[in-house]
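Using the sequences and the hints given, assemble the complete structure.
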Amino acid sequence: MMLPCYIVKDLLPSYLEQLTSPETTQAVEEHLASCEKCRAVKAAMESDICIDKAPEPRLNFIKRLKRKQIAGAMLSVLITVLCMLWFYGLEYNVEPADTASVKEIIHEYIDFNNVYDDTEITLVDSIREKNQLMILYRLDDEDGYQGKGVVCFSRGILGKYRTRSVGSTTWALDSYAPISIGSKDYLVLCNVNKPVGASTVKIFADYHRPWFEGDTITELLSTTQPIYEADAAEQRFTLIPVTKQQAEQEYWETSAVYYDENGEMIDGGEIAKQYYAEDDTINGGVLGHDRSLQPLCFWLILILFLGILFVRYFLTV
Numbered sequence: 001m002m003l004p005c006y007i008v009k010d011l012l013p014s015y016l017e018q019l020t021s022p023e024t025t026q027a028v029e030e031h032l033a034s035c036e037k038c039r040a041v042k043a044a045m046e047s048d049i050c051i052d053k054a055p056e057p058r059l060n061f062i063k064r065l066k067r068k069q070i071a072g073a074m075l076s077v078l079i080t081v082l083c084m085l086w087f088y089g090l091e092y093n094v095e096p097a098d099t100a101s102v103k104e105i106i107h108e109y110i111d112f113n114n115v116y117d118d119t120e121i122t123l124v125d126s127i128r129e130k131n132q133l134m135i136l137y138r139l140d141d142e143d144g145y146q147g148k149g150v151v152c153f154s155r156g157i158l159g160k161y162r163t164r165s166v167g168s169t170t171w172a173l174d175s176y177a178p179i180s181i182g183s184k185d186y187l188v189l190c191n192v193n194k195p196v197g198a199s200t201v202k203i204f205a206d207y208h209r210p211w212f213e214g215d216t217i218t219e220l221l222s223t224t225q226p227i228y229e230a231d232a233a234e235q236r237f238t239l240i241p242v243t244k245q246q247a248e249q250e251y252w253e254t255s256a257v258y259y260d261e262n263g264e265m266i267d268g269g270e271i272a273k274q275y276y277a278e279d280d281t282i283n284g285g286v287l288g289h290d291r292s293l294q295p296l297c298f299w300l301i302l303i304l305f306l307g308i309l310f311v312r313y314f315l316t317v
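Numbering-wise (our numbering), the sequence shown opens with residue 1 and increments by one.
Check the hints yourself; a few may be wrong.
In silico DSBU-like links for lysine-lysine, alpha-carbon gap of 30 Å or less [as the list claims (entries may be wrong)]:
| hint | residue 1 | residue 2 |
| --- | --- | --- |
| 1 | K184 | K130 |
| 2 | K194 | K273 |
| 3 | K244 | K184 |
| 4 | K103 | K194 |
| 5 | K42 | K9 |
| 6 | K37 | K9 |
| 7 | K160 | K130 |
| 8 | K160 | K184 |
| 9 | K202 | K184 |
No wet-lab data here; the hints were simulated from the structure.
Note that the structure is predicted; figures quoted are calculated from it, not measured.
The following block contains the structure:
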């Protein structure tokens with residue numbers, strides 16, 4: 001059955017826009033083939049549509065504009081990633097295998113007052129634990145031993161390291177400092193000189209050499225268990241697992257107590273004196289420098305925020 005004229009006239013706008021179904025399109029075309037009036041209406045509609053259509057150059061301009069939007073957004077993403085990698089590389093730029101660079105980093109942090117200008121740095125030993133690398137070093141000049149310390153590096157996702165901390169002390173015997181690696185706590189224990197006359201060493205938290213005559217601090221040695229106990233050694237570099245409570249206790253340079261082969265306590269200060277140029281000096285000055293990740297995080301977040309703003313701008317203009 002052929003469609004009536006009034007229905008065909010209603011369907012013509014959709015037909016001309018190619019929005020009708022195949023069955024409806026066929027029915028409209030069958031009617032137009034036999035109805036001159038509807039063909040005239042169709043021709044008039046086609047003429048109006050041609051007038052209202054945007055010119056071809058305008059369509060090309062719109063297409064070019066969309067390509068520019070996509071290109072601008074992609075360029076913004078690329079620049080954002082490159083800037084983040086650049087700032088990340090400024091922080092994670094250490095190659096521990098390059099000993100000259102490691103020594104330069106140590107010298108930069110410990111020689112802020114030119115005390116160690118003529119001091120030679122020797123890398124003694126290293127410890128790797130998860131993404132942390134710790135290197136024990138010693139300082140010597142023409143007078144002999146001048147100090148020791150530990151430089152700690154953290155490994156980044158691209159394989160290079162950042163300087164996490166640099167610590168140094170002029171104390172001649174065993175030194176220790178708490179450190180957290182992941183969820184675990186440790187004491188970093190290090191020594192580069194032989195405790196002459198000592199057979200064993202024990203570390204007691206909160207213990208120090210008596211500060212005055214009658215000081216009862218020595219009672220602690222008989223009432224508490226040592227954190228660590230081992231044979232006295234000329235060189236030592238190790239991690240001692242401790243509890244959170246133990247890590248928060250005080251550890252002085254003289255918290256390491258030395259004993260002779262008969263189990264009698266030896267004055268560590270007297271042992272240490274042989275390593276100082278001045279006979280009456282017991283030097284235990286400590287320097288420590290910790291490098292925070294906050295500046296890097298700030299710049300990465302700022303760059304990411306600006307990158308998102310530019311991408312949104314290009315995709316919405």
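Outcome of the hint check:
Annotation: proposed proximity of K184 to K130 holds, straight-line Cα distance about 11 Å (limit 30 Å). For the given pair, K194 sits about 12 Å from K273 by alpha-carbon distance, which is consistent with the 30 Å threshold. As the CA atoms of K244 and K184 are separated by approximately 8 Å, the hinted pair is consistent with the 30 Å bound. Our distance criterion of 30 Å between C-alpha atoms is met by K103 and K194, whose separation comes to about 24 Å.
Restraint check for K42 and K9: the C-alpha separation of about 8 Å stays at or below 30 Å, so the hint holds. Distance restraint check for K37 and K9: the Cα-Cα separation of roughly 10 Å lies within the 30 Å cut-off, and the hinted pair is therefore satisfied. For a cut-off of 30 Å, the pair hint linking K160 to K130 stands: about 14 Å separates their Cα positions. Restraint check for K160 and K184: satisfied, since their Cα atoms lie roughly 23 Å apart, inside the 30 Å limit.
Simply put, K202 and K184 have alpha-carbon atoms about 22 Å apart, close enough for the 30 Å limit, and the pair holds.
Checked against the numbered hints above, the structure violates none of them.
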